[in-house]
Amino acid sequence: MADNSAPAPAAAVRTVILAVDRSQQAEDAFEWYVKSVHRPENRVLLVHVPEGPTLEMAKGQRLSEGEIQKLSDLEKKENDEMTAKFQSKLNNHSLKGEYRVVYGKPGEALVDAAKLENASLIVMGTRGMGTIRRTIMGSVSDYVVHHSHVPVIVCRH
Amino acid sequence: MAERLIMIAIDGSDQAEKAFEFYVDHLHQPGNQLLLVHAAEPPLVSSSQAVMLSQPVWDQLLESEKKKVKALEESFADRMRAKNLTGKIKAIFSGKPGEVIVDVALEEKCSMIVMGTRGMGTIRRTIMGSVSDYVVHHAHCPVVVCRQ
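Those sequence lines, one after another, are chains E and D.
Once you know that position 95 of the first sequence is 1160 in the working numbering, the rest is easy, because the numbers rise by one and skip nothing.
Once you know that position 78 of the second sequence is 82 in the working numbering, the rest is easy, because the numbers rise by one and skip nothing.
Heads up, some of the hints might be wrong.
[As the list claims (entries may be wrong)] Derived CB-CB ranges, DEER-like:
{"#": "1", "chain 1": "E", "residue 1": "E1092", "chain 2": "D", "residue 2": "L66", "range": "47 to 57 angstroms"}
{"#": "2", "chain 1": "D", "residue 1": "M56", "chain 2": "E", "residue 2": "N1183", "range": "49 to 59 angstroms"}
{"#": "3", "chain 1": "D", "residue 1": "K87", "chain 2": "E", "residue 2": "I1133", "range": "52 to 62 angstroms"}
{"#": "4", "chain 1": "E", "residue 1": "I1133", "chain 2": "D", "residue 2": "T90", "range": "33 to 43 angstroms"}
{"#": "5", "chain 1": "D", "residue 1": "G99", "chain 2": "E", "residue 2": "S1159", "range": "27 to 37 angstroms"}
Calculated from the structure, these hints are not laboratory results.
Remember, predicted model here, so these are calculated numbers, not experimental data.
C-beta: ideal position from N, C-alpha, C; glycine also.
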């Protein structure tokens, strides 16, 4: 075999969007993804679409200083917790990627994020925190399946 | 390495082919075994027409459907060989495609189902993606839905 000193070209980086929230289901979907489908060239974007009440949603409403501060503190706390949790998961599995918060209607925000990031795949569970009815019924995953321009993996466990 | 059985639902459509290609190109892991399931609808003849058909004509219709299925299976078998994939192909003609896919996946302990959203375009529910909707809501394992 001839000695080839030029390094083999790396596989093109692919971006996978993984929808996450604070549920155990999201963690399970993440672990499943890593075990069953992940490839080394994939960059994993963990996308969290908060379902309010959020500071973003409160814009234009007349909240008192105190209320704004409370909302902002709560959000910061949740954001810090989730960033830490998922960043450590990414590190533990040596994955390229990051955790990101996106605002908007969950289904639309996920589909838009996939377009923006040129993702090749979306991975999601079927139920969110269970506090918002439409996530209980899996209609966020329905929306994404029907509107995504790339394949979607819906994880049921 | 855990050996996983991956189901890929095929019919004659381009979408199913693309779903297969997507699996091979983006999702396949060494050690995965494939189970291609052809959950075909029986020959497309309304029951009123069927009553009018003579036995030989019906037999001929069935034969030609079987030939199409065989050709489809052979083409996928070739593809699998070409990409060094191992697995088997099953054709099932009775039952609603959605239910067949879900039931077989459970029986065979598949760890994932891969499918398109549109079938051959002749049956309304396949055009509207309701077979894939059904499978997403009833499968015991993750489902990869490929819209193209």
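Okay, the hints, checked on the actual structure:
The hinted range of 47 to 57 angstroms is satisfied by E1092/E and L66/D, whose Cβ atoms lie roughly 50 angstroms apart. With their beta carbons about 54 angstroms apart, M56/D and N1183/E fall inside the hinted range of 49 to 59 angstroms. With their beta carbons about 57 angstroms apart, K87/D and I1133/E fall inside the hinted range of 52 to 62 angstroms. For the pair I1133/E and T90/D, the beta carbons lie near 60 angstroms from each other, so the given range of 33 to 43 angstroms is not met.
The beta-carbon spacing between G99/D and S1159/E, approximately 44 angstroms, falls outside the hinted interval of 27 to 37 angstroms.
Consistency note: the structure conflicts with the earlier hints numbered 4 and 5.
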